[in-house]
Every structure is written in structure tokens, then in C-alpha cells.
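Just so you know, the protein sequences line up as chains A and B, in that order.
Every letter in the first sequence is one number past the one before it in my numbering, and letter 43, counting from 1, is 32.
Every letter in the second sequence is one number past the one before it in my numbering, and letter 12, counting from 1, is 1.
Quick caveat, the hints were computed from the structure, so don't treat them as lab data.
A couple of the hints might just be wrong.
[Unchecked claim] Residues from chain A shown here face chain B by an in silico Cβ test under 10 Å; the list is partial: (1) Thr20; (2) Leu21; (3) Gly42; (4) Leu169; (5) Leu180.
A virtual CB, placed ideally from N, CA and C, is assigned to each residue, including glycine.
There are 2 protein chains.
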Amino acid sequence: MAFTAKGRATRQRIIEGAAGYLRSDDPGNVTLDDIRAATSTSKSQLFHYFPNGKEELLLAVAQYESDRVLADQQPFLGSLDSWDAWEQWRRVVIGRYRAQGPRCPLAALIGQVSTVPGAADVTASLLRRWQEHLRRGILAMQESGEVAPHVDADRTAAAFVAGTQGGVIVLRSTGDTFHLEAVLDALISHLRGGGPARPAAE
Amino acid sequence: MAFTAKGRATRQRIIEGAAGYLRSDDPGNVTLDDIRAATSTSKSQLFHYFPNGKEELLLAVAQYESDRVLADQQPFLGSLDSWDAWEQWRRVVIGRYRAQGPRCPLAALIGQVSTVPGAADVTASLLRRWQEHLRRGILAMQESGEVAPHVDADRTAAAFVAGTQGGVIVLRSTGDTFHLEAVLDALISHLRGGGPARPAAE
DNA sequence: CGCGGTTTGGACTTGAGGGTCCAAAACCGA
DNA sequence: TCGGTTTTGGACCCTCAAGTCCAAACCGCG
């Protein structure tokens, strides 16, 4: 089972080719033949590099795609330490998803392998990393006094994650970013405005 | 093609049976045989009542389920005219989805028929009705002076829709309602706190 | 050059599942 | 009761796609 350099290159080519295929035109159901065609490989190669078949292959692609999701939000996501950075981040997120349109390769993938146990892990891990970046950003803002100290950073980060996800979901069925923008604006403004449930006697 | 009373009853039994089956244990892929088993019908009945086959059947089930989504949030969703109503609504939503757990019959359905054109319509229609209820609620709150008049009701309603969707999505992969609660709290508190981007010179 | 391995091509098998069809049963109005 | 219509059962067909397998090509190495 030791792959040579050539072997590893082929494996990678399969993953990237499959990812590209998924990103191109909405492919209701992906078949191994589609992937074969998109990557100019043979059936035996697919099973050679992914012995557990389609499941394993799609999971690898999902992993690959999920890394891109966060990478695409950099460098802003990594240093949300000023209101300007937050605005930039918002811009990048909206731009990215507007460009992507109703197609979401990751969602499509997860949909196809939702039955296998590993799929949930990929999603969960992505969400966790995403949320962690946001949490750090909020903490940084608190340290520099731009966000009120009583804000629960983790919970607010969770709200951002949920909001973004929801915006993207809605985008998938409506095709426009109105909801995504609305929820991001609401949450950022909420963050600016001093956090949850200010005591009445403030 | 005119169904008698008995026929209509059978058709309905199929829809409800299929919905029940989808709601029960996570059924990766639904097959007509699954539905047959779950509803004690024969193949010919399925095609008799849904001439376009699986597609049409699942779409009908999706429609049925999507009506339930809103019905489950009543009566609160229909009269969000006090902070108390909003809190009750929040409670009901969270309770419903907590009970549902990571399974989302509607999402599962849409996933299966995402290729057929009608599927997007079912989702879009559901989201539109949902948002409209929220919008009315916000307007009512503005009329009674509980929400600042400069809040954009439609946009804020959109933020709620996106947030809720996202919370549910995250719930699907983590299994708990932390994110859903966080985003709902953030948005409600945002609403209470005076809305988006208050002019600096207020 | 020959010998181990890895890599590749592609024909073949297999099974699942959607959809068709016909005939039997039940139903209903006259 | 009778004839037409609706409803139901279930055997059958047919396609599509995952997975298997074997042999050929390739590649490095002594």
C-alpha cells in the first residue's frame, strides 16, 4: 500500500479533479464514471487509491473542500481585531458566496455521503474551526475595548456560525445573498451595539 | 383520473406514511420499496396516485412536511406582537428542534429531490411564508412602539430566517441546540436593542 | 536485461431500485 | 344483478452504477 510519488500525484489529481467537477455544473448525483471522465482515470485507479470506494473518495474530496472554505476567508478570518477587519471579512464572505451562487459543492458532497459516519465529522470539524476563529476575533475586540466585556465570545461566535450557514442555505434556494447580508449585518451591529440583553438600568 | 373518496384516502395515507417513515429512523436513501413497506401498499398504487413516480411522491411529502414546519410554530408565529410572544416563539422553536434532534425530514427530502425543479419552489415558498410572519411581527412591534421605527422589518425578518435555518443546520451535524439558541438570542436582543446601524447622531 | 513492485486499462459481474403491465378484486350507480 | 370504473397485487423488465478482476504497461534497481 505504499504509494510512489507518481501514485500520490495521481491520487491528488483525482481529488482535485473531482472537486472541480463538483464545483462546475450542478451534478445532481455524482457517479464514479463522472469522476472517471473528469479526471481521465480508470475504474481500477479509483479503487486503487480509495480502496473503500466512492465513500472514501467523496469523503476525501469533502475534506479538501472544507479546507478551502476557511482558506477563502483568509487573511481576514484569522485576524478579526478591528471593525475594519470585520467589515472586510463580511465583504469577502458575501463576495465568495455570491460568486458561488446557489451551488455549494460542500453541501452537495455532504448530502451524498451523509449516511457514512465520517461525513458528520468533516462538517463538525469545519464548523468548530470556523467558530474558533470568530471567537478569537471577538476576544481580541474585547481586549482592545471595542466590544463590551460582558459579551459571551463563544456564544456570539456560535451565533455568527449559525447565521452564516443559514444565509448560505437560503442562498442555495433563492440564489441571492440578501439573507446572508441581512444576518451578518444584524449580528455585527449586535456585536457593535454592546451584546446580548443589556441590563435595563444601563 | 378522478379519484373516489377511497382513493383520496389512500393517497393521503401514502403521504403521511412516507412522512412518518422519513421522520422515524434516519433513512439514508428512501426507496419506493421502503415507502411500500411503511404504508402497506403495492407498487401499482404508488404509481396510480403519483403517475410521475418517486419524484412526484416525494415532492408531495415535502409539501406536506413544509406545512407542518410552520404549523408547529403556531400560534406564536402568527401573532408576534409582544416581547412575550417572541420569547414563547423562541421557546417553541428550540423545543421543536431539540425534540427533532439531528434528523430533519424536510432537509432529507429536499436532498433527495434537489434535482427536480419543483423542489426549490417548496423550500422557497416555505421560507417566504416564514419570513412574512416574522415581518408582520416586527411591524406590529413597531406600531406598538416596542421596536424602533427605523428598523427595516423585512431585512430583519430575513436575518431571523437565515439565523434559524443555520441553527437547524448546525444542529443537524452537532446534535445540540446551542447554536440555534445563540443566534436566536442574539437576533432578538438585537431587535430589542434598537436595530441595525443606528445613526451615530441619534 | 530481467525481476520485483506499482500503476493503469477496461471488460465483466452483480445488485438495487425505478418503472411497466396485466389481471383480479372491490366499488358503485342503474 | 350487471357493466363500467376505480383500486389493488405483484410479477416482470431494464437501466444504471458500484465494485471485481486480470492482464498489460511502467518503473526503478541490481
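Outcome of the hint check:
1. The criterion of a C-beta within 10 Å of any C-beta in chain B is not met by A:Thr20, whose closest approach is roughly 13 Å, and the hint is violated.
2. Hint on A:Leu21 is violated. Least Cβ distance to chain B is approximately 17 Å, over the 10 Å limit.
3. A hinted interface residue such as A:Gly42 counts as satisfied when its beta carbon comes closer than 10 Å to some beta carbon of chain B; here the least separation is about 15 Å, so the hint is violated.
4. The restraint placing A:Leu169 at the interface with chain B holds, with a minimum CB-CB distance near 6 Å, inside the 10 Å limit.
5. Hint status for A:Leu180: holds, given a least beta-carbon distance of 9 Å to chain B, under 10 Å.
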